[in-house]
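Please take these sequences and the hints and turn them into a complete structure.
Chains as they are written, first to last, in the numbering used here: chain A, 1 to 433; chain B, 1 to 290.
Possibly wrong hints are sitting among the right ones.
Said to hold, decoys possible - The list that follows gives simulated cross-link-like pairs (lysine-lysine, PhoX-like), each with its CA atoms no further than 25 Å apart:
#, chain 1, residue 1, chain 2, residue 2
1, A, Lys206, A, Lys196
2, B, Lys129, A, Lys157
3, A, Lys196, B, Lys57
4, A, Lys157, B, Lys57
5, A, Lys157, B, Lys53
No lab work stands behind these hints: they were computed from the structure. Keep in mind that this is a model prediction, so the values were computed, not measured.
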Amino acid sequence: MTEIAVRAEDLGKNYLLGQMNSYRTIREALAGVPAKLRHREPAEGTGRQSMWALRHLDFQVAQGEAVGIIGHNGAGKSTLLKLLSRVTGPTEGRAEVVGRVSALLEVGTGFHPELTGRENVYLNGSVLGMRRSEITAKFDDIVAFADVAPHIDTPIKRYSSGMQVRLAFAVAAHLEPEVLIVDEVLAVGDAAFQRKCLGSLERSAKRGRTVLFVSHNLPAIRSLCSRAIVLDRGRKAFEGTADAAVEYYLNSRANDVAQAGSVAELTRHRDYFMGGHLHFTDFSFVGSEGTDKVVRVGDPLDMRFSFRLDMPLGDILVRLNIYSLDDVMVAQAGTTNQYPPIPHLDAGTYELSASIDSLALQPGRYAVGLSARDGHDIQDVIHPVGYFDVVESVEVAHIFTSPGGYLRLPVEWGRPEQTSSATDTRAEVGHVE
Amino acid sequence: MAVPDLAEPASSSGLLSTRHTVIEPPSGWQGVGLREIWQYRELLRALAGRDVKLRYKQTVLGFAWCVLQPFLYMVVFSALLAGVGGVTGEQGIPYPIFSYSGLLIWLYFADALTRSSTSLVTNNVLVSKVYFPRLTAPLSGVISPMLDFAIGSVLLVGIMIYYSFPLTTAFLLVPLFLVLAVLAAAAFGIWLSAINVRYRDVGYAMPFVVQIWMFVSPVVYSASKVQGKAKFFYSLNPMAGVVEGFRYAVLGRGTLDWSMVVIGTVVSLAVLTGGMLYFRRVERTFADAI
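Okay, structure coming up:
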């Protein structure tokens, strides 16, 4: 019989929108007192907007299971981890966690630049719930893992950022939780370091520790987790095997665009931090209906899009951004790459075409995003505006070995030429060793 | 280099493996949770230790500041108030030693109050990223200035020797008044730290509040100057009894008005109880509001 390590029942978290980033004034608080005395609930009709970051969430994690949490930004992943790690309290529902919990919502929480490496290890360890004796016992291992031994008594403000991250993860890696909750902490550091962290997590998951892992790194979810939960706008959208969940997530992303139909309806994908005098209004692939297209490797890809200028702008740079579905930017092409660049434009609506002669991408599904800026500000960013599928152009002999990576490099291969016979090879290998 | 695995779960230990956390919406008033603070005593120690280490980093004088601060205050007050203004401390006590003993305990309180009231905001990263009993933060703010106090006391001993003040049996009362000073600082610090999460006004008001508070406490003058009905209201300030009491315990001269100490302690305890309950009630939203 498997025992439950984490159980959530009807879990929900409501944020008052004002609460999240601005602090209230005392006057406003006093004005709210009478209302609060009358009905003790956070009143919904009082004009302050609230938002359910997470709602009606039910799930269970068995002991020793590794479960991934996938979702767009704002889907409620971080909120869920904050609730389970007790950083903040839920608004409704309940959750239970059995066993000693360690939550890594960030590596190096509490690190202080003025303190030495040694002091920070003790501080960070205590913050993560380790006992002092425990830290002392593991201290040498931690320093060795981080590979910072010569600098351990130097203030970490003199460390490179890589050294700081290594030291921080080293502390975290020596925790002894029964339930490990990990946020996107692995998104730091270089690729080699990320692999090291993933390897470390993977082994601990295989060894029977319960792991809850939030990541955008879909391959990592696949290899690390047996099951995964997809969150969408605060609700559980899917729960199943990691492979099925990743599949579901990718498809749901694609459907978002298919359902929206035109760029004008894609406004919820816009980030409103920009100047806002230029708006993309339409996007399509030439020779295809709307925002979806299938192309063969090496084929041309033509796109056409429209934008509206609310005022005259100069030095306009429009960029085409191509992402893989695990959110890696594969390519970016801007109008400054070509000459002459876009001159000063008056207010009005414009149509612009972009043609790729030969699409040198590996088979797979890709997203297209658009961004524009003038000399001063980012004016508009939309991601994604469309999707295209790349398929093999020729019958490939070994279809099951579909190529990895994103770029199709035109490599000229030679033919294998025998340089020695089998028996010679064996002798040679022995010699080398 | 070989990559070590995350360490083995400590599941063999029965205590840890039976740990069971229930996460629910906060339902009204919570207990104070002293047991949990005890479990997190090492964090308390680490946070206080960090503050102590950071205090005088990259300063030339370092911990000499602990002595210099009350000493300079003493010089200024002795020259201005006693010299020019004609303020007297208590009969038979030279003004420098009178004011230094008062300043020493006062500066501890002022420092502890300021630090604990800003503790959650200065530790905002911790609050928004890790779970720990939130009371640990203001409590660590009350602990770390104890070192400054200890170092500052060295000069007090020096001054006492200079003015040939022998220790009396009253000295045995010193620990009591230290505890009462900690109590007063924690009581108000806990309230203010919780309020500061929402209203940063607290942070701006603190220097001003501390300054005013000093003048309504018998730091540079004697509480014996306050007479009649005003005396009761004066005693409501817990630091009135603490400063008077500390000075009496150290110098062993004059008399101590115990009613002042008792009234102040009652106020401290009431504020502390209310503060803890309030703190526990709002602490679950700290991470959202900070």
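The hints, checked one at a time:
1. A:Lys206 with A:Lys196: 15 Å, holds
2. B:Lys129 with A:Lys157: At roughly 21 Å apart (the allowed maximum being 25 Å), Lys157 (chain A) and Lys129 (chain B) satisfy the hint.
3. A:Lys196 with B:Lys57: With Cα atoms ~35 Å apart, Lys196 (chain A) and Lys57 (chain B) exceed 25 Å; violated.
4. A:Lys157 with B:Lys57: With a Cα-Cα distance of about 13 Å, the restraint between Lys157 (chain A) and Lys57 (chain B) holds, given a limit of 25 Å.
5. A:Lys157 with B:Lys53: Holds, at roughly 15 Å.
Hint violations for this structure: number 3 only, all remaining hints satisfied.
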